[in-house]
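In order, the protein sequence lines correspond to chains A and B. Per this note's numbering, the very first residue in the first sequence carries number 1; after that it's consecutive. Per this note's numbering, the very first residue in the second sequence carries number 1; after that it's consecutive.
You can trust all of the hints, since none of them are fake.
Below, a list of computed lysine-lysine pairs in the DSBU-like style, where the Cα atoms sit at most 35 Å apart:
{"hint": "1", "chain 1": "A", "residue 1": "Lys163", "chain 2": "B", "residue 2": "Lys40"}
{"hint": "2", "chain 1": "A", "residue 1": "Lys16", "chain 2": "A", "residue 2": "Lys243"}
{"hint": "3", "chain 1": "A", "residue 1": "Lys163", "chain 2": "A", "residue 2": "Lys243"}
{"hint": "4", "chain 1": "A", "residue 1": "Lys252", "chain 2": "A", "residue 2": "Lys16"}
{"hint": "5", "chain 1": "A", "residue 1": "Lys16", "chain 2": "A", "residue 2": "Lys163"}
{"hint": "6", "chain 1": "A", "residue 1": "Lys7", "chain 2": "A", "residue 2": "Lys29"}
{"hint": "7", "chain 1": "A", "residue 1": "Lys221", "chain 2": "A", "residue 2": "Lys163"}
{"hint": "8", "chain 1": "A", "residue 1": "Lys29", "chain 2": "A", "residue 2": "Lys243"}
{"hint": "9", "chain 1": "A", "residue 1": "Lys243", "chain 2": "A", "residue 2": "Lys221"}
{"hint": "10", "chain 1": "A", "residue 1": "Lys29", "chain 2": "A", "residue 2": "Lys221"}
{"hint": "11", "chain 1": "B", "residue 1": "Lys31", "chain 2": "A", "residue 2": "Lys163"}
{"hint": "12", "chain 1": "A", "residue 1": "Lys252", "chain 2": "A", "residue 2": "Lys163"}
{"hint": "13", "chain 1": "A", "residue 1": "Lys16", "chain 2": "B", "residue 2": "Lys40"}
{"hint": "14", "chain 1": "A", "residue 1": "Lys163", "chain 2": "A", "residue 2": "Lys7"}
{"hint": "15", "chain 1": "A", "residue 1": "Lys29", "chain 2": "A", "residue 2": "Lys16"}
{"hint": "16", "chain 1": "B", "residue 1": "Lys31", "chain 2": "A", "residue 2": "Lys16"}
{"hint": "17", "chain 1": "A", "residue 1": "Lys7", "chain 2": "A", "residue 2": "Lys221"}
{"hint": "18", "chain 1": "A", "residue 1": "Lys163", "chain 2": "A", "residue 2": "Lys29"}
{"hint": "19", "chain 1": "A", "residue 1": "Lys252", "chain 2": "A", "residue 2": "Lys29"}
{"hint": "20", "chain 1": "A", "residue 1": "Lys252", "chain 2": "B", "residue 2": "Lys31"}
{"hint": "21", "chain 1": "A", "residue 1": "Lys221", "chain 2": "B", "residue 2": "Lys31"}
{"hint": "22", "chain 1": "A", "residue 1": "Lys243", "chain 2": "A", "residue 2": "Lys7"}
{"hint": "23", "chain 1": "B", "residue 1": "Lys31", "chain 2": "A", "residue 2": "Lys29"}
{"hint": "24", "chain 1": "A", "residue 1": "Lys16", "chain 2": "A", "residue 2": "Lys221"}
{"hint": "25", "chain 1": "A", "residue 1": "Lys243", "chain 2": "B", "residue 2": "Lys40"}
{"hint": "26", "chain 1": "A", "residue 1": "Lys243", "chain 2": "B", "residue 2": "Lys31"}
{"hint": "27", "chain 1": "B", "residue 1": "Lys40", "chain 2": "A", "residue 2": "Lys252"}
{"hint": "28", "chain 1": "B", "residue 1": "Lys40", "chain 2": "A", "residue 2": "Lys29"}
Please keep in mind that the hints were generated in silico from the structure rather than gathered at the bench.
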Amino acid sequence: MNTRTGKNAFVLFIHKLGSPPWFYQFAGKLIPWFWALFIVLTLGGLYLGLFDSPADYQQGESVRIMYIHVPAAWMSMLIYGAMAVMGFVALVWRIRMMEILAMSSAPIGAAFTLAALISGSLWGRPTWGTYWVWDARLTSELVLLFLFIGVMALYHAFDEPRKAARAACLLALVGLINLPIIHFSVKWWNTLHQGSSISATGSTIHPSMLWPLLIMAVATKFFYAANVLTRARVVLLEQDVRKAWVQDAIDKKTTPFQKEDSDS
Amino acid sequence: MNHAPFIWSAYGATALILLWTALSPLLRARKALRTIRLLKSRDQTDEANR
Chain A
1 MNTRTGKNAF VLFIHKLGSP PWFYQFAGKL IPWFWALFIV LTLGGLYLGL
51 FDSPADYQQG ESVRIMYIHV PAAWMSMLIY GAMAVMGFVA LVWRIRMMEI
101 LAMSSAPIGA AFTLAALISG SLWGRPTWGT YWVWDARLTS ELVLLFLFIG
151 VMALYHAFDE PRKAARAACL LALVGLINLP IIHFSVKWWN TLHQGSSISA
201 TGSTIHPSML WPLLIMAVAT KFFYAANVLT RARVVLLEQD VRKAWVQDAI
251 DKKTTPFQKE DSDS
Chain B
1 MNHAPFIWSA YGATALILLW TALSPLLRAR KALRTIRLLK SRDQTDEANR
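Using the sequences and the hints given, assemble the complete structure.
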């Protein structure tokens, strides 16, 4: 009985998420909390990473770049995966909110990919002696950036937003093949990029370096959550500009970044 | 080799990228809210003139 009630509540929640006015309000309540968690975790992670953790015996001080490079690289892949899954749901069940969330994920994913590439390049110069090599890991990550840009470009190439989202979601699904290539590139090819230090079986990183890395990795999840919800709310405002619920939301003097005053 | 310029450049570039990613939807929202308010005031003016 309890399982069934729980399942019904979950189905109801999913249905509610598909409703733009409900989503707009619900996201508005979550966004400030996500930003607050991101800021607190980032400050804690940066303090530990920059001031409290030791320099690496091989890499020296440049190991501190890891605390932004690795979380950014992880986020680039996670966001692409999330975008493709949401794109798949949007294509199969034609859920508009999923299209919007998938398309809102693309610029954030592109930003994290760019951050991973730039920070990795700046780490590579003192460690490898070069900013860039056409190594399998680096090249496949660059391809990921192009995929994000391609999805964004295709989405903006159509006048009709739902048609645009469907085409872009399809491209996102095709590009999914790049994720295992990025992940396994360090195993499949001889690369300059080192293999994974963290896996399902454990970590080879000392706890003093592992903690700031994990804290920063969690912080970036909250950045994504806050940002994608904010972007989705803005897209709803832009697309539903003539709808009554948008007028109601504005009358309540709520912006996409403010918490709603009531549940009505 | 002094690693500090590489570390601060990496942190600076990442901060700028994430800051722009966080702020750009706010600029779009301001524009959208302005459009919504403009349309509403036009509708109200049209109704009053009828």
